[in-house]
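There are 4 protein chains.
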Amino acid sequence: MKENSFKVNEHSLKTAISKVEPNKIVTRGYNQRDLIEKIRYSDMVYLLLKGKLPTLAEGKLFNHILVSFCDHGATPPSTQTARLISSSGSPLNAAVAGALLSFGHKHAGAIEKTMELYQSSIDSLNLTGDADLDNTQIASLAIDIFTDYTSKGEKIPGFGHRYHTVDPRAQKVIELAIEEGMIGNHTKLALAIEDLVHDRKNIRLNIDGANAALLSDLGFTPALGLGVFIIGRIPGLIAHINEENMEEDEFRRFCDIEDIIYEGVGR
Amino acid sequence: MKENSFKVNEHSLKTAISKVEPNKIVTRGYNQRDLIEKIRYSDMVYLLLKGKLPTLAEGKLFNHILVSFCDHGATPPSTQTARLISSSGSPLNAAVAGALLSFGHKHAGAIEKTMELYQSSIDSLNLTGDADLDNTQIASLAIDIFTDYTSKGEKIPGFGHRYHTVDPRAQKVIELAIEEGMIGNHTKLALAIEDLVHDRKNIRLNIDGANAALLSDLGFTPALGLGVFIIGRIPGLIAHINEENMEEDEFRRFCDIEDIIYEGVGR
Amino acid sequence: MKENSFKVNEHSLKTAISKVEPNKIVTRGYNQRDLIEKIRYSDMVYLLLKGKLPTLAEGKLFNHILVSFCDHGATPPSTQTARLISSSGSPLNAAVAGALLSFGHKHAGAIEKTMELYQSSIDSLNLTGDADLDNTQIASLAIDIFTDYTSKGEKIPGFGHRYHTVDPRAQKVIELAIEEGMIGNHTKLALAIEDLVHDRKNIRLNIDGANAALLSDLGFTPALGLGVFIIGRIPGLIAHINEENMEEDEFRRFCDIEDIIYEGVGR
Amino acid sequence: MKENSFKVNEHSLKTAISKVEPNKIVTRGYNQRDLIEKIRYSDMVYLLLKGKLPTLAEGKLFNHILVSFCDHGATPPSTQTARLISSSGSPLNAAVAGALLSFGHKHAGAIEKTMELYQSSIDSLNLTGDADLDNTQIASLAIDIFTDYTSKGEKIPGFGHRYHTVDPRAQKVIELAIEEGMIGNHTKLALAIEDLVHDRKNIRLNIDGANAALLSDLGFTPALGLGVFIIGRIPGLIAHINEENMEEDEFRRFCDIEDIIYEGVGR
Chain A
5 MKENSFKVNE
15 HSLKTAISKV
25 EPNKIVTRGY
35 NQRDLIEKIR
45 YSDMVYLLLK
55 GKLPTLAEGK
65 LFNHILVSFC
75 DHGATPPSTQ
85 TARLISSSGS
95 PLNAAVAGAL
105 LSFGHKHAGA
115 IEKTMELYQS
125 SIDSLNLTGD
135 ADLDNTQIAS
145 LAIDIFTDYT
155 SKGEKIPGFG
165 HRYHTVDPRA
175 QKVIELAIEE
185 GMIGNHTKLA
195 LAIEDLVHDR
205 KNIRLNIDGA
215 NAALLSDLGF
225 TPALGLGVFI
235 IGRIPGLIAH
245 INEENMEEDE
255 FRRFCDIEDI
265 IYEGVGR
Chain B
5 MKENSFKVNE
15 HSLKTAISKV
25 EPNKIVTRGY
35 NQRDLIEKIR
45 YSDMVYLLLK
55 GKLPTLAEGK
65 LFNHILVSFC
75 DHGATPPSTQ
85 TARLISSSGS
95 PLNAAVAGAL
105 LSFGHKHAGA
115 IEKTMELYQS
125 SIDSLNLTGD
135 ADLDNTQIAS
145 LAIDIFTDYT
155 SKGEKIPGFG
165 HRYHTVDPRA
175 QKVIELAIEE
185 GMIGNHTKLA
195 LAIEDLVHDR
205 KNIRLNIDGA
215 NAALLSDLGF
225 TPALGLGVFI
235 IGRIPGLIAH
245 INEENMEEDE
255 FRRFCDIEDI
265 IYEGVGR
Chain C
5 MKENSFKVNE
15 HSLKTAISKV
25 EPNKIVTRGY
35 NQRDLIEKIR
45 YSDMVYLLLK
55 GKLPTLAEGK
65 LFNHILVSFC
75 DHGATPPSTQ
85 TARLISSSGS
95 PLNAAVAGAL
105 LSFGHKHAGA
115 IEKTMELYQS
125 SIDSLNLTGD
135 ADLDNTQIAS
145 LAIDIFTDYT
155 SKGEKIPGFG
165 HRYHTVDPRA
175 QKVIELAIEE
185 GMIGNHTKLA
195 LAIEDLVHDR
205 KNIRLNIDGA
215 NAALLSDLGF
225 TPALGLGVFI
235 IGRIPGLIAH
245 INEENMEEDE
255 FRRFCDIEDI
265 IYEGVGR
Chain D
5 MKENSFKVNE
15 HSLKTAISKV
25 EPNKIVTRGY
35 NQRDLIEKIR
45 YSDMVYLLLK
55 GKLPTLAEGK
65 LFNHILVSFC
75 DHGATPPSTQ
85 TARLISSSGS
95 PLNAAVAGAL
105 LSFGHKHAGA
115 IEKTMELYQS
125 SIDSLNLTGD
135 ADLDNTQIAS
145 LAIDIFTDYT
155 SKGEKIPGFG
165 HRYHTVDPRA
175 QKVIELAIEE
185 GMIGNHTKLA
195 LAIEDLVHDR
205 KNIRLNIDGA
215 NAALLSDLGF
225 TPALGLGVFI
235 IGRIPGLIAH
245 INEENMEEDE
255 FRRFCDIEDI
265 IYEGVGR
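Protein chains in written order, with my numbering: chain A, 5 to 271; chain B, 5 to 271; chain C, 5 to 271; chain D, 5 to 271.
A portion of the hints provided could be inaccurate.
Since copy identity is lost for identical chains, a pair holds within one copy or between any two.
[What the hints assert, rightly or not] Below, simulated DMTMM-like cross-link-like pairs (lysine to aspartate or glutamate); rule was C-alpha separation at most 25 Å, straight line:
| # | residue 1 | residue 2 |
| --- | --- | --- |
| 1 | K42 | E262 |
| 2 | K28 | E254 |
| 3 | K54 | E267 |
| 4 | K28 | E267 |
| 5 | K28 | E184 |
| 6 | K205 | E254 |
Don't read these hints as lab results, they were simulated from the structure.
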């Protein structure tokens, strides 16, 4: 029985990421000395995750995506958790770790779920190679998805925002991808769904939905899409933690004793 | 008594990071739509952490630093923790969080400690403005530090590497900073200490020591220096976690039952 | 749309756990002064999780269960993660937190999954009240489960151990529950499945399977079952972390540079 | 240079906690089958942490201490973090892990700091064996500590509570320890300090201060004292997480967009 045979893996490990030799580190086939000198940090992220450097156009789009994830103020659960932990006097790395733990299915799950939706829809056609779908094919997939979710009374992931009617980041990354000729099947599908959703419910793509489509076109798996979101969001979290450390000397809390309604048994 | 008066802070929060309005997000004074279009991701990180955009030369150096932190293979404790947690079937964000928790004082502490050392040494001179120190002043500070640590029999933080005799990343970032005219007092001090340490013990600056000096010259606090290290290292951690998920179906472990020597009481 | 209406919950919170008044704390209806004086810690755990004190027999069984989860040496992923993080110089709470993050679906998932299996099987009969099932009914459910898993070629959760042919903890808690008259429908079902599995595959209930059945009989939900496992396991993790801090000054690692097989692109 | 010689520890591990053999687990010298049958869970915790079973009186006191740590309602930072993470849809183990990360120096640090204070004070006398100090010796140590902190204008750790004027838990555990004849030098010292602090500032021992003294008398190190606090607090955290999962479908947050005062640069 496979699951039960946890015999030790001989302490060996196979990896394709970095080869470390005395005084030399090679990552994804490139000497780190050259990478440090020549490439942008966003390209380094791409190289690490995808195993190859992006083309110029891919690198440009990937950079837009990373920037667009950076910060949405102090109200997302991850930022609140980071500030709360930091306000208790815990070190920076602990506050970032805690923030990551609040990427639950209600908060950061959308990107992964949306990528799965777009990719499974496109994959269902069993295309060979990188063939572009025509508008009719895309429209048909979009209608299937829209009908499926509407009939179940469920929200389509990647659409709508609790605060913005038009998510300015989503609009911008899509606008740039169009200008730069980087719209593939997944983004066409996302835009076709948006047409339907917007017509009927006045709801638009949010940043998770837009980036889920663009990252799918760039060939990222849903799991790595979540990774890209995490990478993009961490600098903002660290800015919040740093601000918290400088400014506040009290614990944060979302309610105090007088805000609590006790519903337990009396005695 | 201050520490005891944890009265609630009225649920308000002051921040200078992002201002969120309907359909508009402004970060550090810039509309995110413009940031997404125009700046490199490494500059976005700089903007978030420092509150202003870097100059061209600062941005170039900061990019080198971020790239140089990216990955050192599968053996650092953080990478091992990430892979171990991932091999138990936990989700990506949990594996990254666990990895962050292994940035203890033996692993990631060096960058913060080294920045404190350089900054307190330079600060002790009470310079006005950005005055450059001359070689005699730098040499004198370096000798003080070297003598202090040597007399206590302690290792100077930021020097030596368990595997490399010359850390290729440290050498490269310093080389580039020199070429790009970005060497300030802190890096001069680091290089002066390296002269002493190398002469007597054949030990050189490691990547933490080099980046600690360069980040200090760029005006980062030690706490934010650790933040920059975390930001730089996370993409590599995610690449390792992703590889682990694809390749292995057994738990990682550093020892198995037969490797354990039981030293407890007999019975 | 429900999922999108994240409006703030007015900073209020309803709870039935503890009522805090000046100089008085009441938990689940009992003054903490009385709880501190009169009840066993295992009963306090039961009270917190279930909202009421156990009967004598329930309390006795629950105590056995908590003790039985305590420690299985240094090889489980959680213990390895705790020791690895601790060996990097991180504080105790961070090492415990990291260990919790390795309770992934391969490691700690069994208890929850097994409780779901037993409870959904029993619930499918729509019993009224606490009616005991007769042997024929139990046997029929057991055969259904056994057939279902066997036909899918899957392992039934809660059975088999990578190291023990007979898990001594599982055997003991079941033995005690029988002696103490605490076997209900879920445990009867587990034992009936064990008869089938043991006959055909020489595999027995493991500690997760045994406790999953007993906790189901005690009325715990699967989610709280995982909670009980976590509570039971933490003291052992802390013992390991403490030992690591005292004894070792090197990083733990499951492989070193020479154990790594680089499979990346050549260059 | 010691710190730099991280050569791998040959994948071996020495431990005195548990010996795992086929079908037999021995913990701290006792067969787990016997432990499961015969001892209370609180005694198992003691055995794991201290390496030996408590005497009857020690076990009784240790049980009081564990119960007294259990829950202080929904306002401590750890509970708030647990609820916040849970409200984002993250799994139970992640929410507990996040809660542990908010045990920063402002929140859970008191117990460790207080134990260090009491133990270093008593240790400074270089007593041989378990000699009890007389009242004059204790009073003298108490005055030293009181004077030291007062002159620095600092709060003595372990005293005062933000909400209670008399912490009912502290009062109760001390009361029980007196009745049960379990007051040693460290608790005598804590009570002598309380006399001074209460006279002059109307402040009393809190639960951290009381338990720090009692755990010191029981021979726990400060690090393990924090461990006991963590063990004691986790069941309460899990009760809160479980309640959060059942009751609420919104994110918790300590402030919403309209509560934020933006202080950044205008543009």
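Verification of the supplied hints:
no.: 1; hint: K42 x E262; verdict: neither (58 Å within a copy, 29 Å between copies)
no.: 2; hint: K28 x E254; verdict: between (47 Å within a copy, 24 Å between copies)
no.: 3; hint: K54 x E267; verdict: between (52 Å within a copy, 15 Å between copies)
no.: 4; hint: K28 x E267; verdict: between (63 Å within a copy, 17 Å between copies)
no.: 5; hint: K28 x E184; verdict: between (37 Å within a copy, 23 Å between copies)
no.: 6; hint: K205 x E254; verdict: between (43 Å within a copy, 22 Å between copies)
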